Structure formats: C-alpha cells, structure tokens
Amino acid sequence: MTLGNQDRPATGSPSPAGTPTSEPIKAIKLRHPWRIAIAAVLILLLIWFLIDASQREAYGWPNVGKYIFDRRISAAALVTLQLTVYSMIIGVVLGLILAVMRLSPNPVVKSVAWLYLWIFRGTPVYVQLVFWGLFSLIYPKIFLGVPWTDWGVNFDLGFMQNAFIIAIIGLALNEAAYMAEIVRAGLLSVDAGQEEAATALGMSWGQTMTRIVIPQSMRVIIPPTGNEVISMLKTTSLVAAIPLTTDLYGVARDISATTFTPIPLLIVASIWYLLFTSILMVGQYFLEKRFSRGVSARRPDRGEPALVTGALPAAGAPGGNDLGGKG
Amino acid sequence: MSDTILGDRGAAAATTTPMVLAEGVSKSFGSNEVLKSISLSVNQGEVLCIVGPSGSGKSTFLRCINHLERVDAGRLSVDGQLVGYRQHGDKLYELKPKEASKQRREIGMVFQRFNLFPHMTALENVMEAPIRVKGIPRSQAAVRAQELLARVGLGNKADHYPAHLSGGQQQRVAIARALAMDPKLMLFDEPTSALDPELVGEVLDVMKELAASGMTMIVVTHEMGFAREVADELVFMDGGVVVESGDPREVLANPQHQRTQAFLSKVL
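Protein sequences appear in the order of chains P and A.
If you're matching positions, the first sequence starts at 1 in our numbering and goes up one per residue.
If you're matching positions, the second sequence starts at 328 in our numbering and goes up one per residue.
Source of the hints: derived by calculation from the structure; they are not laboratory data.
All figures in this text were calculated on a predicted structure; none of them were measured in a lab.
Using N, Cα and C, we set each Cβ at its ideal position, and we do this for glycine too.
A few of these clues could be false.
Stated by the list, open to error - In silico contact screen, one side only, chain A against chain P (beta carbon under 7 Å); selected entries:
# : residue
1 : Arg440
2 : Asn442
3 : His446
4 : Val460
For reference, chain P alone in the conformation it holds in the complex (with noise of 0.2 Å):
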C-alpha cells in the first residue's frame, strides 16, 4: 500500500461537502503475549490439580455422587435457604429503620441506633448465636407492669427455646447492624438538591424519603446487600452454635459422623452452597439493571457485580448524572 500516494493526506486540506471519508484505520492489534502465556499456565496447573484430585481416595468421589442428592441433605439446604431469607428480610427492614434512625435529628433517636450497632457489630456473630441460645435461661418470661405489684402482662418467652426461631433472630438482629451502614451510606449517597425539589414542591419528610430518596438509594444499596445475602448464606452454617443442626452444614456433619466420610460430605455441602451463591449473583445482576433506571445508559457494574465487597459503585460519584447539587 503507499500512503498518500493515492489522494491528499487525510489532514490538513479541507476537502469540501461530499468526497468520500477517510480510509478507515487498520492498524495490527497490539498483542499481549504474558496474558497468554500466564493464563496457559494457570490452565495447565488446574487441569493438573484436577486429574490428581479425581485420583485421590481421601475425597472419596463415589460418596460425593451418594450423597449429593440425598433427601436429608436437600431438606437441610432448604432450611438454610429459609434461614437466609427470613433473617435477611428481618435485617433488611430492622437496618433500613436504624439506618433512618441514625440520619434523624433527635438525639435520642440517633444514640439508641448508635448504641445498637455499637454492640451488635462489636461483638462476634457465633458468640452473639451462643447468647441467643442460652437466651431463655436467663429470661424464662418477660413481666411488663408496675414494679413491686403483679399489676401488668407476662410475655411467654418459650419460643425461645425454638431452635430455628432464635437462629433467624440472632442472625437477623446481628445482619441488621450491617444493613444499616449499607443503607445509611445509600441515603447520603442521593442528593441533597433532590431532598431539596421535593421540599419545596410541599412533600413530607416521609413522602421525600419513599418516593424521591429511598428509590435513588437503591442504586448504592443493593450491590453491597447483595454481598450481604451472600455472606449470610454461609453465615448460617455458624447456627451450630446455638445449636440447631438441621442446616446444611450441620446434617453434612451429622452424616459424616455416622459413615466416618467427612470429606465428601464437606464438598457436597459446598456445592449447594456454590449452586445457591451462583443464583443469587444473577439475581443480583437483574436488580441492579432494573435500580440503575434513568441514569444514562451506563451498567451499574463492569462485570463481576456480587464480588467487590463493600465497595460502592460509581453511583455516588458525581458525573452519574448532572441533577444534583446546589450550585
């Protein structure tokens, strides 16, 4: 090919209304050989670690396929399921309110929330489940009334002693402190001209938050929740501590105590656990597509949505949209 042989030079003379365009560019790729190279290593070393794993006896294969769709193990993971959603919703609704709390302008209000999240995000969930379970020792029922006089109600605190009911509140009181920073960093993440156009348009305080603010928040909040849904998931496994053994991980163990094959049993458990964290990741992904409504035609993630943890994405940033801001 000569370049510039053929007709002016692209630059420099204006060519007038109507010639052709310019000779798209074809420029050879730039290549990245290391990429290649490191990532051929990395599938060697995997296909090595793989035919040496499915030769070893210890992982005891055969039991993997016995067990996988065991009964007893497919109702465990159902309970675990169960353990996840209840506390999580229990969580979510207890953070959003603390969250609120926290934001609010009465002291009061605002002290009691810091308390709570002092304590329960200060203190290990496995010795706050342990607590919970030794829980109706200490209150066997509760008496409200005036002091000094059997005036007043007593509350039965017998469920409590219900196993699966105090694994969903202690894991839904412990996720709560959590929800409520995740939900608190999204209410500040909108804003404060949004607060501000639906004040001085003569909407309420409770009307500006569900309508205008809670929504925009969305955004910020539910990547981060997600991770927490995730992380409580597995949490449950900790439920031992109670102790309530009917979840995945405690019937796995109380299987391999019987047939002496704890290996297998662990791998089984974690491929439920896998099958579960893999379907709430694409959950995610569509929830995070439908929140990110109206802000342009950016995708709320680059990829791996459910795996940075914490981390908030570009939507408190500014340049996500250029509504905010008093100037």
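Once you have looked at the hints, place chain A on chain P.
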C-alpha cells in the same frame, strides 16, 4: 415601611398586600452573617431580579422565602402570611412540618442544578407532587402534566428520563414541575447558570412567557439582558445587603453605587 426600598407600583398596588414583604431579614451561618437586614417588597404580578456577585446572599434570601432556610431576625411574609412562623400576640411559634409544607406548595422553586428526580420520566416528575401532595387523581394529573410540558415546549419529551434530556430541556421540565402545584409565586435560583450558552435562550423564553402571563417571580440571575427586558425591579446585592435597587433599565445603564458599577463593568 421607611426601610422599604422598592417604590410603589402605582396606587392600585399600594393598597394591596405585597406578595413578598421582607423587613429587616437577617440570616447567619455560624458566625458568618449572610443576610444583613434585607428589606424589600414584591407586588402581585411583578418580576424582581436579584443580581450580585456570588456569596452575596442572593440564593440564601430566595431559600428563606420558602423556608428552606430559617430566618434569624426580621419579618418575611408571603401573601400576608408569615413564613415559617405563626404569630400569637407578641410571640412567634414555629410551624409544624405539615403547616410549613402547606406554605411551600404555594411557592414554586426552580434550582440552578434542576434537581429533577432522575428515576422518573419528565411526565412523572411533573405529576409527582400534585398526586402526592394535593391528592389529585393520577389520570387527571397526567393530563395536566402533559399540558404543562407542552407549555414549556416539551410535549413530545414526556416519556424521557432526565438523563436523556439536555440541560435546557431539564430546566424547562423543572419549571413545568413547579407550575404543576399552581403556585402564586415562582422563585428562580440562577436557573440558567448551569446551562451551556446556546441553551440559555430556551429557558429564558419560557420565563418571559411566564412573566407575561402575570406570574409573580423572583429571579436570581446573571442574565442582565433578561433583567432589563422582563424585570419590573432590579436589586443589586453584595455582602448580604441590598446595595442598590430600582428600575432595571436605569440601574443597569446608570448605576449609582460604586460597588454596583464595579460589578456591572465586569458582567456587562
């Protein structure tokens, strides 16, 4: 009323209550005194333009009028009603949030950065407050919103999200949104300052049309041409005080005060 700087607008106006009456309005943020005893009045159907350098307290004054900011001293009333307070004898009582929002819905406000709700379409932006605040049925609010969008020249953009509108279009939607509450007073806080120069005209045209229709308006602006053409009164503020005021054509052509002269020589 010796403080009142603006003159009467003829005998008829003098007998009626001014739409906005400020008497010695002061406001501080901490030790920073932003407004120092501002006194002025705006009659029904008048357009008042406030100009001045940034930090002169123009925006703060505007925000005081619909009680987005609390006034520290002086009296500020809109249509004869004290803003943010209720008077019983000598004592002032703070209004409950509900009462304050009732006052605000009579006052439309347009912001420099538009502050449209990005998760709603243009139509939904305009419909939101009438539905939630006034309890107007959805279908009725939609018809009215569509009319208002048509009025600001955006009848065909009703389904667009703010992110897909130009700055000028967004600001016109914001004006339609404020008008949807049928305000008796419109406040504009530098409505064209965040716009690309070629988009300023379309917003000013809507505002001119609004002024011609008899809307009472207070406009904080740097658009001297608009002030000259549309305003009944021009106020020049600097350092939290009203330095000079009067007929816009006179003030702009022949500023009396040195600070006004210095400011105008830079912007004109």
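Earlier hints that do not hold, by number: none
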